[in-house]
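J.: Protein chains in written order, with our numbering: chain A, 990 to 1043; chain B, -10 to 142.
Derived by calculation from the structure, the hints in this document are not laboratory data.
The reader is advised that the hints may include incorrect statements.
[To be verified] Label pairs and their in silico Cβ distance ranges:
{"hint": "1", "chain 1": "B", "residue 1": "GLN2", "chain 2": "A", "residue 2": "SER1038", "range": "14 to 24 Å"}
{"hint": "2", "chain 1": "B", "residue 1": "TRP136", "chain 2": "A", "residue 2": "GLY1010", "range": "35 to 45 Å"}
{"hint": "3", "chain 1": "A", "residue 1": "GLU1032", "chain 2": "B", "residue 2": "GLY107", "range": "32 to 42 Å"}
{"hint": "4", "chain 1": "A", "residue 1": "LEU1029", "chain 2": "B", "residue 2": "SER118", "range": "13 to 23 Å"}
{"hint": "5", "chain 1": "B", "residue 1": "GLY104", "chain 2": "A", "residue 2": "VAL1023", "range": "23 to 33 Å"}
{"hint": "6", "chain 1": "B", "residue 1": "GLN39", "chain 2": "A", "residue 2": "GLU1025", "range": "17 to 27 Å"}
{"hint": "7", "chain 1": "A", "residue 1": "LYS1021", "chain 2": "B", "residue 2": "LYS94", "range": "27 to 37 Å"}
{"hint": "8", "chain 1": "A", "residue 1": "GLN992", "chain 2": "B", "residue 2": "HIS45", "range": "36 to 46 Å"}
{"hint": "9", "chain 1": "A", "residue 1": "SER1038", "chain 2": "B", "residue 2": "VAL115", "range": "29 to 39 Å"}
{"hint": "10", "chain 1": "A", "residue 1": "ARG1020", "chain 2": "B", "residue 2": "GLU33", "range": "14 to 24 Å"}
{"hint": "11", "chain 1": "B", "residue 1": "TRP135", "chain 2": "A", "residue 2": "TRP1018", "range": "13 to 23 Å"}
{"hint": "12", "chain 1": "A", "residue 1": "GLN992", "chain 2": "B", "residue 2": "THR29", "range": "40 to 50 Å"}
{"hint": "13", "chain 1": "A", "residue 1": "SER1037", "chain 2": "B", "residue 2": "GLY104", "range": "16 to 26 Å"}
{"hint": "14", "chain 1": "A", "residue 1": "ARG1020", "chain 2": "B", "residue 2": "GLN50", "range": "16 to 26 Å"}
[Unchecked claim] Computed footprint of chain B on chain A, listed as stretches where at least three residues anywhere in the stretch have a Cβ under 8 Å from a Cβ of chain B:
{"hint": "15", "segment": "992 to 1006"}
{"hint": "16", "segment": "1010 to 1016"}
{"hint": "17", "segment": "1028 to 1040"}
Note that the Cβ used here is the ideal one computed from N, Cα and C, for glycine as well.
Residues per chain are reported as follows:
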Amino acid sequence: MPQGAILSLEQCWQLAQAFYGSDKRAPEWRRKTVDEIEALFSEMGFTSSFWNLR
Amino acid sequence: MNIDSATTSFDQQVRHYVYDQTMKTTMSPTVVETAVALSTTPTEVQASFQRLAEAHMLVLQRDTGEILMANPFSAVPTPFLARVDGQTYYGNCIWDVMGISAMLKRDAFIQTSCGDCGTSMTLRIVNGSLEPAVGIVHFAVPAAQWWADIVFN
């Protein structure tokens, strides 16, 4: 199996807040688009091919 | 096609009920419980669960069609526990169990173990901050393949 990716606990907490910080009960809630997730990964410094979504 | 557009206003009601119950009680509702709460039939709820699963908003148990995951929550016990306000929630992975604190906007005491050696790990999230702790997080599956087998992932 390939090595995969390693994150610090703090990076994982940042990712958790970014993905789950909004209440899914809200009518306006929607999934993030691929573009939004790619922008988020880029902002967090996740730029290796492991994080490519397409 | 935007898969979110395939869901209906009824699906929004179902999603609201599922998350409201899960967040309040730690337990995801069954098809029948959801049908009773929304004054509809189990068949309608099953179809809605299926649409929500196709839109990656729920993950269903293969044999029963009941909820397995309402991310970040797991409907079944896992090795990723979050104690929040005296209640125990289960996450699907370390990312999700942290996400429980993020979604509830509550402090959490997280208990899990190393996926490699089994050593116990405890984490505390207090006032929106993760307290310093020793450890790393390993992602084995590349991002583009996360939904190919979300249960394994």
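J.: Of all the hints numbered above, which does this structure not satisfy? Sort the numbers upward.
T.: 1, 2, 7, 8
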